[in-house]
Amino acid sequence: MVATTDEPFVEVHPALIQHLDGCIYAWSQLVSDQSAHDPRLDIGSMDIEDVRNFLRRLILDHRIIVALESESIVGIATVSPDLNMLDHSGTVWNIADVWVEPSHRRRGIARHLVKASEERAMLDGATEVRLQVYASNGAASMMYGELGYNTIIRTMRKRLDEESL
2 MVATTDEPFV EVHPALIQHL DGCIYAWSQL VSDQSAHDPR LDIGSMDIED VRNFLRRLIL
62 DHRIIVALES ESIVGIATVS PDLNMLDHSG TVWNIADVWV EPSHRRRGIA RHLVKASEER
122 AMLDGATEVR LQVYASNGAA SMMYGELGYN TIIRTMRKRL DEESL
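Residue numbering for the sequence shown follows our numbering, beginning at 2 and increasing consecutively.
FYI, nobody ran anything at the bench for these hints, they're computed from the structure.
Since this is a predicted model, take the numbers as computed values, not measurements.
Be careful, since some hints might not be right.
Stated by the list, open to error - Label-pair ranges, simulated between beta-carbon atoms:
1. L87 with Q133: 32 to 38 Å
2. I18 with I44: 31 to 37 Å
3. L17 with D162: 43 to 49 Å
Unchecked claim - Result set (DMTMM-like, lysine to aspartate or glutamate): computed pairs, CA atoms no more than 25 Å apart in a straight line:
4. K159 with D22
5. K116 with D83
6. K116 with E102
7. K116 with D34
8. K116 with D62
9. K116 with E72
10. K159 with D39
11. K116 with E70
12. K116 with D43
13. K159 with D43
14. K116 with D22
15. K116 with E147
16. K116 with E129
Think of the CB as a built atom: it goes at the ideal place given N, C-alpha and C, for glycine as much as any other residue.
Full structure from sequences and hints, please.
Okay, here's the thing in structure tokens:
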């Protein structure tokens with residue numbers, strides 16, 4: 002499974018172990034970007050060895066998709082089976098951690114990452130993929146809608162600090 006985007010040439014396929022350091026960098030950038038939507042996220046509070054081991058396992062299980070331009074990672078996505086304790090069929094998978102280098106955005110790379118993630122899930126028997134997107138991330142929401150995704154659940158929150166009680 003290799004997809005390509007328009008010029009300049011970008012390859013999209015499952016990560017190999019030699020991509021580990023690039024995946025660590027990209028994933029840390031993803032966490033940094035997502036902290037604008039969720040202040041709980043802080044790459045500085047994560048143990049780098051835990052991150053390395055987590056991403057290494059994903060790579061060995063073919064669960065990280067990378068977008069490469071001249072052997073440099075310019076985008077990533079992860080895909081994994083949904084671990085719902087009531088459904089062990091393995092037919093529902095989750096796509097997460099879709100991120101593209103800011104200088105490479107608006108070129109269709111994220112779309113290719115999502116499509117490659119869908120193909121990867123299908124190889125292991127998925128008949129449905131799901132993903133989550135922050136309500137404040139309008140660009141991503143629009144892209145996912147254009148790719149055929151629709152809302153099936155809404156996550157709501159309420160702050161429980163002194164002012165809200």
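Here is what the structure says about each hint:
Between L87 and Q133 the Cβ separation comes to about 19 Å, which falls outside the hinted range of 32 to 38 Å. Against the hinted window of 31 to 37 Å, the Cβ-Cβ separation of I18 and I44 comes to about 22 Å, which falls outside the hint. Checked against the hint of 43 to 49 Å, the pair L17 and D162 passes, with Cβ atoms roughly 45 Å apart. At roughly 37 Å between alpha-carbon atoms, K159 and D22 are farther apart than 25 Å, so this suggested pair is violated.
A threshold of 25 Å between alpha carbons decides the hint, and for K116 with D83 the separation of about 18 Å falls inside it, so the pair holds. Of the pairs offered as hints, the one joining K116 and E102 holds, with about 18 Å between alpha carbons and a cut-off of 25 Å not exceeded. Annotation: proposed proximity of K116 to D34 holds, straight-line Cα distance about 22 Å (limit 25 Å). Taking the CA atoms of K116 and D62, the gap is near 18 Å; set against the 25 Å cutoff, the hint holds.
With a CA separation close to 20 Å, the supplied pair K116 and E72 stays within the 25 Å bound. Taking the CA atoms of K159 and D39, the gap is about 13 Å. The hint holds against a cut of 25 Å. Only pairs whose Cα atoms come within 25 Å are accepted, and K116 paired with E70 is accepted, the gap being roughly 18 Å. Pair hint K116 plus D43 does not hold up; C-alpha atoms about 28 Å apart against a cutoff of 25 Å.
With a CA separation close to 21 Å, the supplied pair K159 and D43 stays within the 25 Å bound. Pair hint K116 plus D22 holds up; C-alpha atoms about 24 Å apart against a cutoff of 25 Å. Of the supplied pair hints, the one linking K116 and E147 holds, its CA atoms being roughly 12 Å apart against a limit of 25 Å. For the suggested pair K116 and E129, the alpha carbons sit about 13 Å apart, so the restraint of at most 25 Å is met.
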